[in-house]
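Here the protein sequences line up with chains A and B, keeping their order.
Each position in the first sequence, counted from 1, maps to that position plus 204 in our numbering.
Each position in the second sequence, counted from 1, maps to that position plus 4 in our numbering.
Quick caveat, the hints were computed from the structure, so don't treat them as lab data.
The reader is advised that the hints may include incorrect statements.
As the list claims (entries may be wrong) - Below, computed lysine-lysine pairings styled on DSBU-like, alpha-carbon distance capped at 35 Å:
#1 Lys402(A) with Lys234(B)
#2 Lys402(A) with Lys372(A)
#3 Lys234(B) with Lys372(A)
#4 Lys433(A) with Lys207(A)
#5 Lys324(A) with Lys207(A)
#6 Lys372(A) with Lys324(A)
Here the structure is a predicted model, which is why all the values come from computation and not from measurement.
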Amino acid sequence: MAKRIDVKDLDIYYGSFRAVEGVTMSIEPRSITALIGPSGCGKSTFLRSLNRMHEVIPGARVSGSVLLDGQDLYGAGIDPVSVRRHVGMVFQRPNPFPTMSIYENVVAGMRLNGGRGVRKAEMDGIVEGALQGANLWNEVKDRLDRPGSSLSGGQQQRLCIARAIAVKPDVLLMDEPCSALDPISTLAIEDLMDQLKKDYTIVIVTHNMQQAARVSDRTGFFNIAGTGKPGKLIEMDETSTMFSTPSVQATEDYISGRFG
Amino acid sequence: MTTTTTPTALTSSEVGLNQGRLPRWSTPATIVAVVVLGALATLVLDAPVPLVVGLGVLALLVTLPALAWVVEGRRRANDRMWTVLVTLAFALALLPLLSLVITVTQNGLARFDWDFLTTDMRGVLGEGGGALHAIVGTLIITGLATVISVPIGIMTAVYLVEYGRGRLARAITLLVDVMTGIPSIVAGLFAFALFAIFFGPSVRFGIGGAVALSVLMIPVVVRSVEEMLKLVPNELREASYALGVSQWRTIVRVVLPTAAAGIATGVTLAIARVIGETAPLLIITGSTNILNTDPTDGRMSSLPIFTYYSYTIPGVPPEFGVERAWAAALTLFLIVMLLNLVARVVSRIFGSPTSR
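Sequences are here, hints too, so could you generate the full structure?
In structure tokens:
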């Protein structure tokens, strides 16, 4: 659980288009790392490259390396499917499986991977653990057989987090997890992230600078020079430093709202 | 330095928000007036009915928008005109259907009895007899066609939506489009030509008919399943991939169940499309008067062909054959209705999550 990630000289391409250029960063275990930057600057693409989710788009490829506790995710013979079992992901919009109940959604990772041999009692334990880990247990324990889509948006997002942690990943990637939620649900998710960081390495992409300042330990700022140019990591530092005395002018402009 | 002007009350015409409105009863009143005028014209002036109906429709099309134009303005007049047109189009489409249902039911009920459903035509010349052999034949042949078409159709659609890129996928899409346009008699000739190679020119059997129907059914299944799979949000696929689930398992366990309701409907429509096919079966399965439950051997009857022969060669006296033809048509009709009901139930079951 909770491994460190070291990214070295990572370039990400869609076909011949270079979307992200030359990213080098270290992500500490048991911490929250926030990625901020304007739309289209490649931070989501970069996040997806950390569990090879960007490969869903045909023609996507990378050069450089992403080391998970020293093991290169892009090394020869590495199966992207097994990478994603170690590096889980939560998406912008809550996306519980509509054909499954709350219970089935949580164990989806095991069931879909062919976990037929798991005993019912063990499965129940995993469901309770994951839902408690996602701060959702008390709200849904009496209606586990209801469809996942019957929950509110914020609850659905916590269900998705429960689903992601039920497979016990090493790293949790969150792609703007609160942008479709109201402030109260956002607060619930932020509290949850604070608890989860005890056990997981968390990387979050956010457009909400207050959120980055509130929850993260370290912050990375991405930017692009212009349309059609690749996105770059401008600077990365402790969150408190980034938001008080950033070393690059562009970061200060963006954070203080003088961007563009 | 600002000058304040006291706001003066504006009249409604100045603001332009308030416009005249026709009273709610104006539409039904116009229709009633037109109908009454039409009835009077028919009864008193002895005008021909088609002419009266045509004039009535025209009158509606002119008076309602004209009234609206005067009272409510141009946009509402336009709205009224299109409302009338769309309603007329709907009625025009519904009319043949209603007429069909009523005619088939009226004529078919005379012989639609237990005897009809449980006996075949062995040794029957005049009265009596039934369509058991035809019902069983239709169910077997259509069932086999479904068994052949649905897996091929679903797998083709899965390939096209989930995997297909480039030339091969485009070629398959084109071929499916071409297949959609194949005349049914050509499908029958294809099956006949295919099996005549192996079994000689006198070949007649049920599986051949099923193959012919599959040629017609597969493109319909592919098309409908393709549309349903495209409706499954990409976010669900991504959610599954992010849990470390392989693409194949994602398709089988997430994508297909999510689309199941739509797929069930699509398959039912495809079955309904082929269950009434006459021409291909005429060529490759032939026709018989006795019950044959073995699709691998010998001629089989089917409801469309039974209907056709009962009507064209009704025997002497003819009324019994014609009655059987109508009853067979009603049976076919009821089977298709039943299929639609089953599809609804199936999609209801697949549509909601079940807890185990």
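So, going through the hints one by one against the coordinates:
Between the alpha carbons of Lys402(A) and Lys234(B) the distance comes to roughly 40 Å, so the proposed pair goes past 35 Å and is violated. Distance check on the hinted pair: Lys402(A) and Lys372(A) sit about 13 Å apart at the alpha-carbon level, within 35 Å; holds. Only pairs whose Cα atoms come within 35 Å are accepted, and Lys234(B) paired with Lys372(A) is accepted, the gap being roughly 31 Å. Proposed proximity of Lys433(A) and Lys207(A) is supported: the alpha carbons are some 32 Å apart, at most 35 Å.
For the given pair, Lys324(A) sits about 30 Å from Lys207(A) by alpha-carbon distance, which is consistent with the 35 Å threshold. Between Lys372(A) and Lys324(A) the CA atoms are separated by roughly 18 Å; this keeps the pair inside 35 Å, and the hint holds.
The structure shown violates just one earlier hint, number 1.
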